[in-house]
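Quick note, the sequences are listed as chains A and B, same order. Going by full-length UniProt numbering, 149 is the number at position 149 of the first sequence; the sequence numbering is gapless. Going by full-length UniProt numbering, 127 is the number at position 127 of the second sequence; the sequence numbering is gapless.
Keep in mind the hints are simulated off the structure, nothing from the lab. Treat the hints with care, since some could be wrong.
Straight-line C-alpha distance at most 30 Å; calculated DSSO-like pairs for lysine-lysine [what the hints assert, rightly or not]:
| id | chain 1 | residue 1 | chain 2 | residue 2 |
| --- | --- | --- | --- | --- |
| 1 | B | Lys260 | A | Lys351 |
| 2 | A | Lys260 | B | Lys333 |
| 3 | A | Lys333 | B | Lys262 |
| 4 | A | Lys333 | B | Lys260 |
| 5 | B | Lys185 | A | Lys260 |
| 6 | B | Lys165 | A | Lys262 |
| 7 | A | Lys351 | B | Lys262 |
| 8 | B | Lys94 | B | Lys170 |
| 9 | A | Lys262 | B | Lys262 |
| 10 | B | Lys185 | A | Lys185 |
| 11 | A | Lys260 | B | Lys262 |
| 12 | A | Lys107 | B | Lys260 |
| 13 | A | Lys260 | B | Lys107 |
| 14 | A | Lys260 | B | Lys351 |
| 15 | A | Lys260 | A | Lys244 |
| 16 | B | Lys333 | A | Lys262 |
| 17 | A | Lys262 | B | Lys94 |
Only part of the chain B face toward chain A is listed, based on derived beta-carbon distances under 8 Å [unchecked claim]:
| id | residue |
| --- | --- |
| 18 | Thr111 |
| 19 | Glu132 |
| 20 | Val210 |
| 21 | Ala215 |
| 22 | Pro228 |
| 23 | Ala348 |
What follows is a list of derived Cβ distance ranges for each label pair [what the hints assert, rightly or not]:
| id | chain 1 | residue 1 | chain 2 | residue 2 | range |
| --- | --- | --- | --- | --- | --- |
| 24 | B | Lys107 | A | Pro172 | 51 to 57 Å |
| 25 | A | Lys351 | B | Arg51 | 33 to 39 Å |
| 26 | A | Pro32 | B | Gly261 | 26 to 32 Å |
| 27 | A | Ser337 | B | Gly166 | 30 to 36 Å |
Beta carbons: idealized from backbone N, C-alpha and C, even for Gly.
There are 2 protein chains.
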Amino acid sequence: MPLKDSYLLPAAADMHVHLRNAPGPIASLVTPTIRTAGIDTVFVMPNLAPRPVISVDEAQEYKRALEAIDPKVNYLMSLYLHDSITPDEIRKAKASGIVFGVKAYPKGATTNSQWGVVSFDPFHEVLKAMEEEGIVLNLHGEVPSSAADGVTVMNAEERFLPTLKGLVDKYPKLKIVLEHCTTAKAVEAIRGFGENVVGTITSHHLSLLVDDWSANVHHYCKPSAKSPEDRSALLNAVVTSNGKFFLGTDSAPHDITSKKGKGNTAAGVFTQPHALGYVLFALEEGISRGDVAEDAVTDEALAGFFSTYGRKFYGVPQATQKVLLKRDGETIKESLSGGGVEVVPFRAGEKVWSAEWV
Amino acid sequence: MPLKDSYLLPAAADMHVHLRNAPGPIASLVTPTIRTAGIDTVFVMPNLAPRPVISVDEAQEYKRALEAIDPKVNYLMSLYLHDSITPDEIRKAKASGIVFGVKAYPKGATTNSQWGVVSFDPFHEVLKAMEEEGIVLNLHGEVPSSAADGVTVMNAEERFLPTLKGLVDKYPKLKIVLEHCTTAKAVEAIRGFGENVVGTITSHHLSLLVDDWSANVHHYCKPSAKSPEDRSALLNAVVTSNGKFFLGTDSAPHDITSKKGKGNTAAGVFTQPHALGYVLFALEEGISRGDVAEDAVTDEALAGFFSTYGRKFYGVPQATQKVLLKRDGETIKESLSGGGVEVVPFRAGEKVWSAEWV
Numbered sequence: 001m002p003l004k005d006s007y008l009l010p011a012a013a014d015m016h017v018h019l020r021n022a023p024g025p026i027a028s029l030v031t032p033t034i035r036t037a038g039i040d041t042v043f044v045m046p047n048l049a050p051r052p053v054i055s056v057d058e059a060q061e062y063k064r065a066l067e068a069i070d071p072k073v074n075y076l077m078s079l080y081l082h083d084s085i086t087p088d089e090i091r092k093a094k095a096s097g098i099v100f101g102v103k104a105y106p107k108g109a110t111t112n113s114q115w116g117v118v119s120f121d122p123f124h125e126v127l128k129a130m131e132e133e134g135i136v137l138n139l140h141g142e143v144p145s146s147a148a149d150g151v152t153v154m155n156a157e158e159r160f161l162p163t164l165k166g167l168v169d170k171y172p173k174l175k176i177v178l179e180h181c182t183t184a185k186a187v188e189a190i191r192g193f194g195e196n197v198v199g200t201i202t203s204h205h206l207s208l209l210v211d212d213w214s215a216n217v218h219h220y221c222k223p224s225a226k227s228p229e230d231r232s233a234l235l236n237a238v239v240t241s242n243g244k245f246f247l248g249t250d251s252a253p254h255d256i257t258s259k260k261g262k263g264n265t266a267a268g269v270f271t272q273p274h275a276l277g278y279v280l281f282a283l284e285e286g287i288s289r290g291d292v293a294e295d296a297v298t299d300e301a302l303a304g305f306f307s308t309y310g311r312k313f314y315g316v317p318q319a320t321q322k323v324l325l326k327r328d329g330e331t332i333k334e335s336l337s338g339g340g341v342e343v344v345p346f347r348a349g350e351k352v353w354s355a356e357w358v
Numbered sequence: 001m002p003l004k005d006s007y008l009l010p011a012a013a014d015m016h017v018h019l020r021n022a023p024g025p026i027a028s029l030v031t032p033t034i035r036t037a038g039i040d041t042v043f044v045m046p047n048l049a050p051r052p053v054i055s056v057d058e059a060q061e062y063k064r065a066l067e068a069i070d071p072k073v074n075y076l077m078s079l080y081l082h083d084s085i086t087p088d089e090i091r092k093a094k095a096s097g098i099v100f101g102v103k104a105y106p107k108g109a110t111t112n113s114q115w116g117v118v119s120f121d122p123f124h125e126v127l128k129a130m131e132e133e134g135i136v137l138n139l140h141g142e143v144p145s146s147a148a149d150g151v152t153v154m155n156a157e158e159r160f161l162p163t164l165k166g167l168v169d170k171y172p173k174l175k176i177v178l179e180h181c182t183t184a185k186a187v188e189a190i191r192g193f194g195e196n197v198v199g200t201i202t203s204h205h206l207s208l209l210v211d212d213w214s215a216n217v218h219h220y221c222k223p224s225a226k227s228p229e230d231r232s233a234l235l236n237a238v239v240t241s242n243g244k245f246f247l248g249t250d251s252a253p254h255d256i257t258s259k260k261g262k263g264n265t266a267a268g269v270f271t272q273p274h275a276l277g278y279v280l281f282a283l284e285e286g287i288s289r290g291d292v293a294e295d296a297v298t299d300e301a302l303a304g305f306f307s308t309y310g311r312k313f314y315g316v317p318q319a320t321q322k323v324l325l326k327r328d329g330e331t332i333k334e335s336l337s338g339g340g341v342e343v344v345p346f347r348a349g350e351k352v353w354s355a356e357w358v
């Protein structure tokens with residue numbers, strides 16, 4: 001087997017998680033699984049409904065509610081880029097010490113993006129303030145689908161790259177994360193920018209292709225998984241990151257009725273409890289396919305992608321604890337249930353790597 | 001509104017339908033809707049399970065079972081290209097007068113394709129016999145997905161086109177139908193061949209894009225719907241067919257549990273009861289988007305695509321009856337239920353054109 005049977009690594013940081021409204025049944029189910037995966041720090045998405053997180057006070061309140069569920073996790077909070085956010089709120093965010101980024105959703109591109117951005121122009125003063133204060137801009141990097149412009153879920157990320165380039169040029173010191181990169185083109189673009197522009201990569205995009213989500217609603221997410229070439233580029237970005245790419249799972253829990261009930265399928269793959277194990281799975285599969293060089297999966301590469309690069313980028317302390325990842329440690333549950341909701345994890349039923357705190 | 005409010009056309013022929021096992025609950029539900037749509041002739045797919053239709057005797061038996069459900073429909077039968085089919089069986093098919101084509105499924109590409117074709121080479125004598133006898137070769141024109149070869153559901157049809165070209169070159173008089181064309185490249189390829197090589201087009205691919213099936217299991221089918229450019233090419237193939245393209249809905253009923261139950265999503269869109277109305281919807285939408293010229297949707301083009309071209313290609317008599325298609329004639333049912341099964345039609349709940357026999 002190309003990977004070792006265990007890895008002793010610094011506690012991981014997952015720089016893109018959806019924990020949903022707290023208090024709330026999904027948050028109660030999902031938040032306790034962060035540490036199960038070997039993760040002690042998470043960057044929490046603000047796209048709650050019916051109201052996204054748009055002020056520092058709301059982020060503070062949300063953080064406290066999450067701490068009430070699991071106080072041992074370090075929650076890095078975010079705001080939702082929205083008309084009501086002012087440069088003063090950005091300065092307040094910096095001063096708060098708890099808000100690290102502002103997430104921009106293209107209007108209509110994904111879950112709860114109905115309050116999202118059409119153009120970045122109206123946010124000029126806010127973006128200037130973020131650049132000055134070192135508050136990160138987190139981008140859902142897709143343009144909305146448009147038949148007139150030939151945009152579908154398959155090229156929506158590639159079509160966003162000129163917008164990213166425009167932001168980088170206009171705000172050269174702004175810290176930017178292109179969230180959940182899914183294409184070789186996005187990986188290439190991120191590599192071409194300075195160290196203030198990075199990408200997160202999910203665990204599920206390291207194994208899924210368009211075929212996998214076509215017939216399986218639990219594999220459907222935005223941005224959608226794409227081609228073998230794209231997947232290969234993502235896998236190689238993980239092991240040759242050099243700080244340009246780090247883990248952001250975009251773990252997106254949905255109640256089973258949003259996946260299998262009447263009506264359209266909610267976008268999102270739930271990966272929180274086994275976030276690191278999925279990455280190891282995918283790297284091992286990548287090696288067997290020949291997508292990834294066998295000697296590329298070093299302890300250093302894993303420690304960087306899982307933990308050190310993300311913390312450094314966000315300016316938070318490096319991990320003090322370690323986790324021991326062990327092959328075939330446990331079987332992924334068919335679903336997590338409680339409080340009237342049921343969430344199906346990625347690769348349910350498979351044997352997965354376990355994480356032990358040491 | 002760019003289309004007229006009614007069209008008086010020859011009874012339609014749907015040259016690609018799935019009626020499932022007969023007798024059987026889905027066949028009982030679906031077969032009576034053929035004439036509801038204004039269709040009197042159908043080319044019936046042989047991919048039954050657990051056993052496909054692989055002999056003339058089985059096709060005869062299947063035909064009788066369908067006639068027991070609705071004797072007023074003319075069922076053109078097909079065989080499933082399979083190791084057990086011999087040149088003699090092809091000659092028997094021709095002599096029977098009831099079997100018109102042999103359907104080739106690439107192994108693993110779609111519903112019940114587990115007995116399908118890996119290479120056409122072993123079928124040389126069968127294909128020669130088909131060429132001699134005028135038995136049609138019906139192609140599910142996709143190569144199986146393969147990460148190693150970079151094949152996904154998005155390019156599987158395009159990657160099949162060299163195989164089609166090879167068959168056309170090797171069997172220059174063989175009548176070939178590339179079923180359910182979904183790409184501009186397939187349309188272009190068909191246009192480039194002689195009149196013995198044609199394509200069918202479904203009604204749902206005239207309106208769906210990849211985005212539409214990504215979040216809606218009732219829109220998921222094989223081959224999958226693709227880009228706006230591809231859809232535009234299909235719409236224009238309908239109105240400028242000149243006999244190269246005709247209707248084959250690939251109406252594929254699945255019980256709701258195969259779409260929304262546990263496990264993977266079955267591929268197929270159920271369009272039988274409103275097959276012609278969906279095409280008119282799509283043409284009208286295509287005109288409003290500017291994909292289709294307003295004056296292109298003539299009575300002649302519709303009569304050709306719906307009825308005359310397909311009958312001519314298969315060598316069956318032209319229609320003697322007429323149907324009157326009328327705008328906003330009825331509301332599409334949320335589902336059809338009976339015998340313990342439930343099938344959800346395409347665009348459920350929308351007002352659709354109705355078909356009256358005149």
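Just pull the numbers of the violated hints for me, sorted ascending. 5, 6, 15, 17, 18, 19, 23 and 27
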